[in-house]
Each structure stands twice: as structure tokens, then as C-alpha cells.
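Take the sequences, apply the hints, and build the full model.
Quick note, the sequences are listed as chains A and B, same order. Residues in the first sequence are numbered from 1 upward in steps of one, following my numbering. Residues in the second sequence are numbered from 1 upward in steps of one, following my numbering.
It is worth saying that the hints were derived from the structure and are not from the lab. If you're wondering where the values come from, they're calculated on a predicted model, not measured in any experiment. Be a bit skeptical, because a hint or two may be false.
To be verified - Simulated restraints, written as ranges between beta carbons of each label pair:
hint, chain 1, residue 1, chain 2, residue 2, range
1, A, ALA279, B, ALA46, 33 to 39 Å
2, A, ALA352, B, LEU359, 39 to 45 Å
3, B, ARG343, A, SER215, 23 to 29 Å
4, A, ALA42, B, ARG139, 40 to 46 Å
Stated by the list, open to error - Here are some chain A residues the structure puts well away from chain B; computed CB gaps all over 12 Å:
hint, residue
5, GLY10
6, THR134
7, ARG139
8, PRO151
9, LEU175
10, LEU196
11, ALA198
12, ARG201
13, ASP217
14, GLY345
Where a beta carbon is used, it is the ideal one built from N, C-alpha and C, also for glycine.
There are 2 protein chains.
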Amino acid sequence: MTIEDIPGDGRTLMSREIDEIPAAVSRLVRGEASHLDDVAAAVRRAHPRLAVVAARGTSDHAAVYARYLIESELRLPTAMAAPSLTTVYHRSSDWAGVLLLSLSQSGASPDILAVTEAARAGGATTVAITNDPTSPLARMAEHSIACHAGPERAVAATKTYVAELAAVAALVARLSPDPSLGVALSRLPEVLEETLSAAGRWLPLAEPLVDAAVSADRMLVVSRGYNFPTALEVALKFKETSGIFAEGYSSADLMHGPVALAQPRVPLLAFRPDGPMGAAIDGVIEHVTAAGSRVWLVGGRELDVPRPGINGALSLAVDLPETLTPLAFVIPGFVLVECIARRRGMNPDAPAGLSKVTLTM
Amino acid sequence: MTIEDIPGDGRTLMSREIDEIPAAVSRLVRGEASHLDDVAAAVRRAHPRLAVVAARGTSDHAAVYARYLIESELRLPTAMAAPSLTTVYHRSSDWAGVLLLSLSQSGASPDILAVTEAARAGGATTVAITNDPTSPLARMAEHSIACHAGPERAVAATKTYVAELAAVAALVARLSPDPSLGVALSRLPEVLEETLSAAGRWLPLAEPLVDAAVSADRMLVVSRGYNFPTALEVALKFKETSGIFAEGYSSADLMHGPVALAQPRVPLLAFRPDGPMGAAIDGVIEHVTAAGSRVWLVGGRELDVPRPGINGALSLAVDLPETLTPLAFVIPGFVLVECIARRRGMNPDAPAGLSKVTLTM
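Pasting the structure below:
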């Protein structure tokens, strides 16, 4: 499908579904509250010694977010599952005392199901996060959290990604000794509405970035820490919808080799939270601008101050702790991706060679 | 530096150091044996409940190998460290009962040092694997394993990578209830000599792949399971030495979105072990050849049988369990990368913008 195939008023499903993000998060935070209390109580009773997160694709980026948030808020060591150990090598891990969090928009991928089945049989506390509460994964896990994102019709997942992040944050907030995450979560739908408006106002100003990406075959997308998954997710969306080789990196990992790719024809988009992490990312930005890369930033209020060498910045006045900024920062990323795909003459709702549900074993 | 700057007989340091891989592994396996026995005994006494692996860049790919090998051979859940939790967010994890494996060729990166220091202070059993036994990391960790790779002068690490894999395998073999890994390890130096010869004989036959990569700005490098780090590492080497956007993927993750990048102008190199994992990778290869990708394979004896739709294959008659094939399969990958960098007129020994030791916090 090309851009000419978009029906009706010419707005893509992807664009409409980005607009639905605040409402989806509101339904999750408010509508799932009492069930989340129950799941959190069950997890607390299980006293897990270790968390393991299992997912693929976009959901795997929500899993990376879970990996950072669980370890930092709960001091619980957290690992990413390697499904092939279960599905191909048939090597049983020691699942006793594990909290397994399985994330899947469709709840259907056989490898994530197999890991969940093995973990449950091995004594893990299993929690599924899925947008389909009737899916095989929701039934397989002992506990299931529904994303309440509503049907997602664009192949490129947007609102289900942010809803998965919200579900992770809402569960962790209930288990954390620090009440501030829960307090901030209650404000989240309003903050995301503001972010969506700001992203819309920013897009015309980001025209040089759009131009650069439309003519580029390659891009670098960078962040670190809680927003490392934001970089991975926005890079994946560029690949899926625009055929751009956009590689997502932690700014620290970028310095250990891939920085050799930084050059004038490769635009770099960085997600930069305020505070110490922003300062850490700045060092890398200075390095790549010196190498001739054109750099655009999305971040917090600290970006109000003009920065030499930076081609453009979106300063979001998000009143959120850094732990929740991934839910906001990804929105201008999605808005940008959708616009660039259309400008490249591609229909982001139906990328070539992809289908909505991917089944891997 | 460009290719004209290569001194002497025109052979690059990278090429010479690839040739030294079997000798480096032999020194590790034979020379470090009794010290490895002692480290293994100390780990066994600690009864770890969890392993955590900390590294950056090329060493991080050795860490991914460790993650698979430890979990499959020892049934010990294994996580990759997220250094920013320690160095930027100052969130202390629960290190009690953890086996921390820190990998660094130089033993100098401040973030890996900080994680090792925090883990040791928090009660973890800390083991460093480094090529410099006098490095800060070797002194920081309770136990230190030397890679015995000798000085590595090319910026692109090759022999130290394989030596790190060998160190991981040699430690895990001593802790595994299954003696077969240890038995196979003792044969490893001879097998790697044969692999090196086979890779040299293969290179002229791989001329169409060399041509394709010389004119490509983008590549996909794919494998899964124990050889997932092989794909990551060969992709990183293409980035570092040739400026090619080569992205390394698990074949399962490739299907969840990035497969949209498969197209005639994007060569795909896959590392395909024999057995069930090879069969799992075949399904993905069929998908990308149908999308028009040109595909080359490096793998085991099963590649002796001609495959329709495949542009070329190197069948290595490696008499190794799949767990040790990553040490062999990466060698033709390195040989190919070195050749392609030179053909692109670049000096793989001194890539632009990179230095041998990268210090990140």
C-alpha cells in the first residue's frame, strides 16, 4: 500500500491512534485500578527474588522499560527472557521465586506463550500484560492486566505501546515503597494530552528534521536509562513504516563503536530527560555534533535554553518524574515517524511485509 | 587513516590478530586452567541465586554469550547489568547472592568498574574477565580471569573477543554438571585453526558478498540463541570498520518489525548452526529471500547441501557442540569484515572517531 490508498479524510490510522493515547492511558490508570491492586497484592505475597520480562518487538521495548523501573523502584534484580532457551533448546531455567511479566499486544505469540507456560509450571508468579483480555496469553498467566487501549488497526503499534508502559508503571507504583510514582501516574492522562498538543505545534518547526529523514536511508536514535526503550521504539517505528535503517542506542553504548556511523548524512534524534541523565547524554551529543552529525532533541524544560550545535529541540514542560517521561517523550517520536513515512510516500498503517500479529516460535 | 597508511607488507593488524585467535584461546584454555579451577570452586561455594553480566561494546556481546550459556548450562537465571542504574541514577540493586561477571578487554571503563564496586560492596561474588590482569577492573573484582590474548593493537577487537568467549565457556564448563562442554573445550584451539584455514579458502568464493557489501550502506546480520552475539558482534565490526549500517538481529526479533528492511539492496548474512536452531533460522531466511534479499550463510555441515535462493554458504565442519560454535563462526565473519573495510578504502586498524579504550560513565 502507498500513501494514495489512505481512505477518507487522508488521516492515517496511525495518526488517529496516536491521538487516542491519553484516553487509553486514562482507561488503564482509572479503569484497571482495583484489579491492579489485587495483582500487586498477589505479587507482594509471593516475595519474588527476581523478575523476568518476556516480550517481542514493540512490546519488548515496554519490557526494557519494565526492566529499568522494576530494578530501580523495587530493588528487584530483573532479567529479559531469552525465549529460545525454552522453545528451541528446551533448557529449563529455575523459575522458583521468579515474577514473570509477559507483555504482548495480541497475547498470541507462541514463544511468549511457551515461556509463560514453562514459568508457571516451574513455580513462577506469572503476570500477563496484553491488550486482549481473552487472548491465549491472558488465559495462560495466573494474573492478567488488560491495557484498555481499544482495537488497534494500524500495523505500527502506538497506543498499545504507551498503554503497556502505563500498565507496567501502575503495577510497579503499587509495589514501590515510594508513593511519588503513584501520585504522578494519576496526573498522567492530562500530561499526555498536553504532550500531544505540543507535538502537533512542534511538527511544522521540525521541518528540517523531516526533510533530513525523508532523504536519509539511515538514522541514529539515542537516549539512555528509562528512555533507552524510547530510542529503541522510535527507531523500530522508522524501520517498520519508512524503511529507514534507524538504529536505537543507549548513548553510552553508542560511544563503544557505533559512533563511527555519526556523519553529516545521518541525522541523530535524541530523547533527553532533564537532570543528571540529560547531562550524561549531553557529552555524547557534543561528540557527535563535532563529527558533523545534525542533531535534534526531544526532552524536558532544560531544552528551553538554546544549545549551540543543535539543529532543533522540542522542550516539553512535562511535570513528571523521569521514570514516567518515556510515556510522554515517545509521543512526538510517533508523530514525527508518521509524518516522515507519509512524506516518503509510504502508508504507515500497512507497511510492506508486516502484519498486525507476528507469531514466532 | 585510509588504506594507504597500512605499513609494511600491507597486512592489517586486524588480519594478523584474527590469525592469532587459536593461539590466544589455547593459552587461555591451557594456561589459565588451574586458576579457573580455583575461581570455579569459589563460585560454587557462594551458591549464587542469580548471575548478572556487565560489559560494553564488543565485550557486551561476550556478555550476551555468557547470558545464554550460564542460564542453559547451569540453570542459573542471568541478567544483563544496566550500568546507568548505578552510575547515573544511584539506585542500589539487591546484590546479595549474585554472581557478577564483568567483562572488559581493557579493564578500564568507569561504568563497568562502578557496577563491580557496587556489587562487591553489596555482597555479590565478583569475577572480572579482562585481557589486562593489572587493570583497575582486575583489581576491583574479588576474582580475575586473564584472557591471555596478548597485546591487541587494532582498534577493532577480534582475538580479545574470542578469548573472552573462551574464558566464559571455560568457567561455565567447570560449574556445569555436564562434562561435554569441558571435553569439547580442550579440542577448541585445533578446531579454530581449521576454521581459520576454511575462512581463508572461502574468501575468494565469497566475492559476490564482498562486492555487495562494498557497495551497500546497509546490511542485516542475523542469528539466534548462542550465536545471537555472533550476529551482534559482526554487525558492530561492520559499523566500526566500514561505516556500514549493519544491524544485528535475533531471527525471531527480525520478524517482529525490522524484516520490513529486507530488500534487494540490503545484503543479509546469517550464522546458522546445525540442528533445531538452524531449522528455526531457515524459516526466517525463506521469508527474507522471498522479499528479494540476497542471503549468505555461515554455519555447520548441514550447509553442504545446496539451498535454493541462497547466494552463498560457508559450511564449516566444526566438530563442536552448538554452545561453542560462536567461537568458530565469528572467525569467517571477522575475515569478511576486514576484507570489506579494505575494499571500501578504509583502514580497519584505525577507524575514524574511535580509540582502543572507551571510557563511559
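Can you give the numbers of the hints that this structure goes against, from lowest to highest? Structure breaks hint 13 only.
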